[in-house]
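Here the protein sequences line up with chains X and P, keeping their order. Quick note on the numbering used here: the first sequence kicks off at 6 and runs consecutively. Quick note on the numbering used here: the second sequence kicks off at 20 and runs consecutively.
Do not take every clue at face value.
Not the full set, but computed from the structure, chain X residues with beta-carbon under 8 Å of chain P [what the hints assert, rightly or not]: (1) P34; (2) Q38; (3) G46; (4) I58; (5) Q238; (6) D240.
Residues from chain X shown here face chain P by an in silico Cβ test under 10 Å; the list is partial [stated by the list, open to error]: (7) P43; (8) N132; (9) D224.
No lab work stands behind these hints: they were computed from the structure. In this text, a Cβ means the ideal position worked out from N, Cα and C, and glycines have one as well.
Below, each chain spelled out in residue letters.
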Amino acid sequence: MIIARRLAIAALAAIVLFGLFAPVIAPYPYDRQFRDRPDAGPSHAFPMGTDEIGRDRFSRLAWATRISVLLAPAAAFASIALALAISAFSGFRSRLMRRLVESLTTVCLSLPWIFLFIVLRAELPLNTGPAASVALTFGLMGVAGWAWPGRVFTAAIGEMVHSDWMMQARAAGISDLRIAAAHAWPHLKSLAAAQFRVLIPAYILSEASLGLLGLGVPDPLPSWGNLLRDLQQPDVVKANPWALAPLAILMIAMISLELLQSRPEPAI
Amino acid sequence: MRRLALVPAMLLTVWVGTADAKELRFSIPGDPKSFDPLHIEESNAQIVQYLTAGALVRINRVTDQLEPELAESWTLKNGGREIVFRLRSDLHFSDGSPLTAADVARALKRAFDPKEASPAGDTFRVAEGYPDVRIAGSRELIVAYRNPKANLDRLFDQIGIPGPASGRFFATAGPFVAAEYHPGDFIRLVRNPRYWKRDPSGRPLPYLDSIRIDIQQNRDLELARFLRGESHLMQNLDPEAFDRIAKERSGAAHDLGVSLNSEFLWFNEAPARTVPEWKRKWFTSTLFRRAISEAIQRDDLSRVVYRGHAHPAFGPISPANHFWFYSALKPLSADIRTALNDLSQGGFRFENGILRDGEGHRVEFSIVTNSSNRPRQRMAQLIQEDLSKVGIKVNLVTLDFGSMMERISKTLDYEAAILGFSNVEVDPLEEMNFWLSSGAQHPWWPAEKTPATPWEAEIDRLELAQSSEISRDSRKKAIDEMQRIVSEQQPIVYLVNPDYLCAYSPALRGVQPTVAPPQIFWNIEWLRLE
């Protein structure tokens with residue numbers, strides 16, 4: 006188990022470094038089109054081959070890693086922080102407030118977000134630059150995604166407020182803020198970590214779907230999400246298995262995160 | 020004993036029936052909205068209508084000549100104001116009832132009735148309204164206009180003559196008749212035993228016993244079924260599917276060459292709340308539009324995006340449309356220097372790799388296209404890089420089709436767009452709504468009150484003149500001049516004419532594929548399965 010955890014740390018570190026050093030590692034700009042070499046197989050010049058319009062897959066993967074590795078966790082972090090704040094605020098207040106937040110969570114979960122995103126896109130200026138579009142996409146996902154962890158946190162906090170230790174703490178006159186930070190947080194930490202781990206791949210894949218609505222990471226900027234869209238074409242994968250590289254790197258990242266979450270068995 | 024003897028006889032019948040049954044199978048992407056030949060509003064219903072409904076005349080999709088069908092002859096009279104049809108003798112609908120001039124007149128009057136709002140009848144409408152229909156005997160009828168009507172005889176290719184209705188289906192006088200419909204699943208057409216046509220040996224047509232049309236929206240599944248041999252044909256393939264069939268089913272994939280369709284880019288020249296006036300100045304400048312057209316490398320679009328299954332396009336009419344294509348049209352040069360020269364003449368400055376207009380604004384605009392069309396997205400990516408070489412920054416926006424249409428036809432909240440035109444008819448008369456400045460589908464400025472420029476007024480004049488001219492040669496001159504003006508002014512920047520890619524089983528015989536719809540089965544009565 007320790008070896009597995011070390012491997013996971015090494016893999017995550019390698020992925021993060023691959024993304025961070027993309028400008029150095031990538032042999033070509035991510036948007037350079039080699040029009041005489043579309044759909045080329047791996048070669049010395051193009052280690053993972055080229056895509057449909059002749060862009061180097063390796064360079065695009067490095068830049069996509071940089072964007073996805075930074076922004077998907079940031080969006081997941083935003084969702085978790087927002088969910089914790091709302092759940093904690095309601096949990097330590099009255100039962101009515103908890104009910105209200107539970108109802109709000111249900112409403113948020115049942116909203117047809119995809120249509121709201123379409124309406125939102127219709128209101129956005131068309132000349133939104135790639136950086137603004139990326140920030141907006143992940144920012145929106147971060148805000149819109151609070152309800153999933155929110156429901157879990159609200160339920161957990163709901164149980165805590167009736168626990169003996171919580172009542173003792175309150176009877177001792179400890180403030181809500183201190184109870185939340187010093188006593189409740191250690192209980193919620195593992196839940197938050199699990200939710201964080203679940204949200205990252207969800208956001209990466211959501212970003213790919215949003216691309217179909219004109220949101221997402223706009224071309225020519227690459228992301229894991231828009232690179233994964235290549236997998237919709239079985240011919241591309243058959244001709245060049247390196248097209249699977251974004252999927253492989255995403256899976257490695259997810260498995261590594263999973264391994265890091267699992268606690269080693271205590272030695273007897 | 021008698022019962023026991025029946026069992027092997029039935030089994031034999033079933034086996035023989037299966038062995039002899041010649042059922043053609045293919046897919047359409049959705050349910051037909053109607054089985055009434057006079058209420059065909061979309062392509063799925065159009066296919067069913069073509070296979071079932073009898074028409075007075077048919078255009079031979081290979082020779083482009085009009086051929087007799089239910090009408091054995093026809094004559095244009097009174098300077099192109101009237102057409103007189105003479106029906107074949109002894110015609111019957113599929114239910115056995117006789118087909119006379121009165122039935123045809125009833126169908127035409129229904130098509131021309133404004134209350135019916137028949138799309139089939141819509142193409143017959145002129146400024147004064149619909150034509151009169153008169154019966155001149157049991158086998159003769161006359162359709163008459165007050166003024167000459169262009170292309171009058173060929174319009175009747177699109178009118179199916181329905182017989183008596185039975186439930187949702189109609190008796191037909193065409194080669195097949197609808198027998199089963201399971202919404203979302205399939206439609207079965209069976210041969211019309213009373214179809215009038217016979218082959219040279221006297222054998223009644225059609226050769227096929229039935230047609231099963233599966234309703235399948237997912238083209239990947241349709242492809243998988245074709246590759247497994249579960250369907251006999253696929254129309255309108257994308258280059259990837261075409262290459263896959265070419266690899267996996269020898270002799271099944273067919274590139275019919277350049278199609279009637281075109282892909283193009285245009286700028287929003289209409290006053291719009293979201294387009295600043297200084298940008299509108301660029302879009303309404305002929306030199307700017309010409310420079311954009313010159314900077315785009317169309318050869319790359321054809322080779323990279325369409326894998327070689329497309330041809331650079333330079334004008335409104337595809338070279339596949341042999342009669343109406345203006346062969347003297349010269350393509351603009353695909354050259355960055357010429358583009359920069361035109362931009363310079365138009366008051367733009369190219370400095371440090373950035374293009375600015377006379378007022379110092381950086382030239383930057385967005386191109387919208389529909390997210391469901393991968394080739395269009397790819398073309399937009401190539402155009403983005405091409406235009407960056409003349410210092411123009413392009414932002415690509417992919418939208419779902421509904422949102423895109425809302426922007427380009429209603430709110431006009433867009434700057435430039437890439438779309439395509441799927442031509443179902445070779446005659447340019449069908450495109451008047453696109454070219455007339457007052458037309459609702461006039462792309463760069465829908466429903467203009469008056470033409471904004473002299474050249475737009477000239478296009479209007481040419482379009483209206485050819486629509487009331489009966490001489491094809493005179494019409495051709497007007498359409499040639501229209502094509503010349505469009506090429507010179509570039510209100511529409513034509514990009515490519517994709518090839519028509521299709522596939523059909525080698526077991527399907529008698530196919531004479533053409534680029535004019537319905538491409539593979541336009542001569543359905545002559546097709547057979549071996």
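Each hint, compared with the structure:
The restraint placing P34/X at the interface with chain P is violated, with a minimum CB-CB distance near 11 Å, outside the 8 Å limit. A distance limit of 8 Å between C-beta atoms decides the matter here; for Q38/X the minimum to chain P is near 5 Å, and the interface restraint holds. With its C-beta approaching chain P no nearer than about 15 Å, G46/X sits outside the 8 Å limit, and its interface hint is violated. Interface hint status for I58/X: upheld, as the beta-carbon distance to the closest one in chain P is roughly 6 Å, under 8 Å.
Here the hint on Q238/X is kept, as its CB sits about 6 Å from the closest CB of chain P, short of 8 Å. Given hint, D240/X at the interface with chain P, holds; its Cβ is 5 Å from that chain's nearest Cβ, closer than 8 Å. With a cut of 10 Å, the hint placing P43/X at the interface with chain P holds, because the nearest CB-to-CB distance is about 5 Å. Checking N132/X against chain P: minimum C-beta separation of about 5 Å stays under 10 Å; hint holds.
Taken as an interface hint, D224/X checks out: its beta carbon lies about 6 Å from the nearest beta carbon of chain P, inside 10 Å.
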